[in-house]
Every structure is written in C-alpha cells, then in structure tokens.
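Trainee: Read in order, the letters of the sequence shown are residues -19 to -1, 1 to 289 in mature numbering (1 follows the signal peptide of the UniProt record, and there is no 0).
Think of the hints as simulated: they come from the structure by calculation, not from any bench.
Be aware that a few hints might be false.
[Claimed, not checked] Quick list of in silico lysine-lysine cross-link-like pairs, BS3-like style, CA-CA up to 27 Å:
id, residue 1, residue 2
1, Lys188, Lys17
2, Lys167, Lys188
3, Lys236, Lys167
4, Lys207, Lys151
5, Lys236, Lys163
6, Lys248, Lys164
7, Lys163, Lys188
8, Lys151, Lys248
9, Lys192, Lys151
10, Lys151, Lys164
11, Lys259, Lys207
12, Lys236, Lys207
13, Lys207, Lys192
14, Lys248, Lys207
15, Lys248, Lys259
16, Lys259, Lys236
17, Lys163, Lys207
18, Lys248, Lys236
19, Lys167, Lys151
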Amino acid sequence: MRLSLLVVVVAAALSCAAAASPPAGGKMPLTPDFYKQTCPRAERIIAEVIQSKQMENPTTAAGVLRVFFHDCFVGGCERLRADRVQPVSPSPSTMRRSTSLFRATPSTPWSRAKLALEMECPGVVSCADILFTGLGRAGHADGRAPLPGFSVQELVALSGAHTLGFSHCKEFADRIFNYRDKKDGKPEPFDPTMNPSFARGLQGACKDYLKDPTIAAFNDIMTPGKFDNMYFINLERGLGLLDTDEELWTDPRTKPFVQLYASNSTKFFDDFGRAMEKLSLLGVKTGAEGEIRRRCDTYNHGPNMPTN
C-alpha cells in the first residue's frame, strides 16, 4: 500500500474496523459527520492541506503519526501542540541528516489547516479534530486526558507505525557502539541480536553522530516510503532499529503477535486501525468540557483559565 498521505493510510486501515460506541457517561457521541452542518467542507480542507504538505515534504505522514502517538498517547490528543511539528526533508539513502523533527513554524500542516478552516468557518473545528478527521471520528474539544490502557496485542499493532519515519543515531547508539552483554557485561562489537551487516552499516553511517546529532536512520530500512507490515518482517530478520523494537521479538509475550503481523498484512492493517480508533477516543472532551482553540499551539484563555 503506497503511502501518499496519512489520511489515506489510516482511513484504509479503519475501513476494516468496527464503529466505536458512544462515550460513556452521557457525553456527546463522536461521529464522522459532526461538521456536516457547521463546516461541511472541513474534511476536504484538512485532506487537501495534508496532501499538499505530503507532496511538498514526503516525511509529513510519519510526522503526523509521531504527533498522534507521542502527544496523544502520553496525555490525550486534546492537548495537541501541533505548531511545533515540522517533518524534515528526506534523503534517497537510508541515513539522512535533519535539523529537528520538531520545529516551531507556521508552515506545519496543523497551522495551515487551522488557518484555512478559520477562514472557512471561524471557531468551529477543533485542533484535535484536525488530527482526527482522517481517523473517521469528529466532535472533540481541546483539553487534557489521562493515561490509557491497551492490551499487549494492541501495543504491538501500534508499534507497526515504525514502518514509517526515522530515529536519530543517539537513540540506538548503545546497540552499535561499546555494547556490553546484558547478562554478563561482556563487551561485544554490537548487539548480537542485530543482523551483523545491518549493525556494521549503522556503525559506519553513525560514526560521527556525536559531532552531528542530527544523523538518523529509517525505522524500516527495506520499504521506508510504504505503510506495510515490513516492520515486523524486519524484526524476524534482526533488522529492528531500536532496542524497544528488538524487545518485541525477544519478549515471549509480544513475539507471537510480531509473527502474526509479519505473515498477515491484512490482519495488521485491521488491528492497527482498531487500535488507532481506540487511541483517538481516549479522554475525549466534547461540548463545554473543552474549547475550540483559535490557534493549535496555545489555549484561548491560558492553561488554567476556564474554557467554556
């Protein structure tokens, strides 16, 4: 499945997922046509902005996924601070340099989409829903949310997002430089769980990472521009980049799910879609519980001010 923009990827995955039940406690249900009357072109505007940004910068989709997990999983997607995210330009090779994945700039897809939506229908579409539109659920207000609970299988499925994006050398340097066995402390040339050719290639590419901390590697060296199940196939071959990636393969609790998704891409897409849907529903604020931010990088009334 060729990746052109995140909205297409996640929408395709979610096409296999069941519709979510309305939130408990009498909250307003989330619905894909939430803005049908108040801002009927909202979904099209968001899709066009993200698609345009993806064509301009092919790492946009990976950046969107990173925001979704790192911002949303930790504290709920309603605390989105989207204007700080600017995906960097890729290089044709596995290794590339970047100034930062997170740059404060008005050219981010969130800023562009919010500006376009404010011109179309001021004060209607929340920043959370700019992110969630591709996930098929709308009706969030912006706020904060608690830590979620996911099953082991759901976490493995979500880890499949590492089929996109990259990691800086410092994040896996302890696997390829001055490695010591975790059991007896014996020095090794690199983590022995890694494919030797892969490890040596990373050593060469990352040799100057202390001088240049922006050097990075694709999380999936085989098909870095495709949203597929190659991430799990790579783990079976010793091609996991991060220590946490490798642990999915060596941990008996997660290994069966790695094997499942490596052998069945349809199952991975289905489970990934369901897990993403569950993640998108965490700590939802609706109605007067939150606010429709005028800008996605700040609260309308300050972090401790009432929002209704």
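Trainee: With reference to the structure, classify each hint as holding or not holding.
Mentor: Verification of the hints:
no.: 1; hint: Lys188 to Lys17; in the structure: violated, 54 Å
no.: 2; hint: Lys167 to Lys188; in the structure: holds, 22 Å
no.: 3; hint: Lys236 to Lys167; in the structure: holds, 26 Å
no.: 4; hint: Lys207 to Lys151; in the structure: holds, 25 Å
no.: 5; hint: Lys236 to Lys163; in the structure: holds, 19 Å
no.: 6; hint: Lys248 to Lys164; in the structure: violated, 35 Å
no.: 7; hint: Lys163 to Lys188; in the structure: holds, 23 Å
no.: 8; hint: Lys151 to Lys248; in the structure: violated, 33 Å
no.: 9; hint: Lys192 to Lys151; in the structure: holds, 11 Å
no.: 10; hint: Lys151 to Lys164; in the structure: holds, 23 Å
no.: 11; hint: Lys259 to Lys207; in the structure: holds, 23 Å
no.: 12; hint: Lys236 to Lys207; in the structure: holds, 23 Å
no.: 13; hint: Lys207 to Lys192; in the structure: violated, 31 Å
no.: 14; hint: Lys248 to Lys207; in the structure: holds, 17 Å
no.: 15; hint: Lys248 to Lys259; in the structure: holds, 17 Å
no.: 16; hint: Lys259 to Lys236; in the structure: holds, 22 Å
no.: 17; hint: Lys163 to Lys207; in the structure: violated, 34 Å
no.: 18; hint: Lys248 to Lys236; in the structure: holds, 15 Å
no.: 19; hint: Lys167 to Lys151; in the structure: holds, 22 Å
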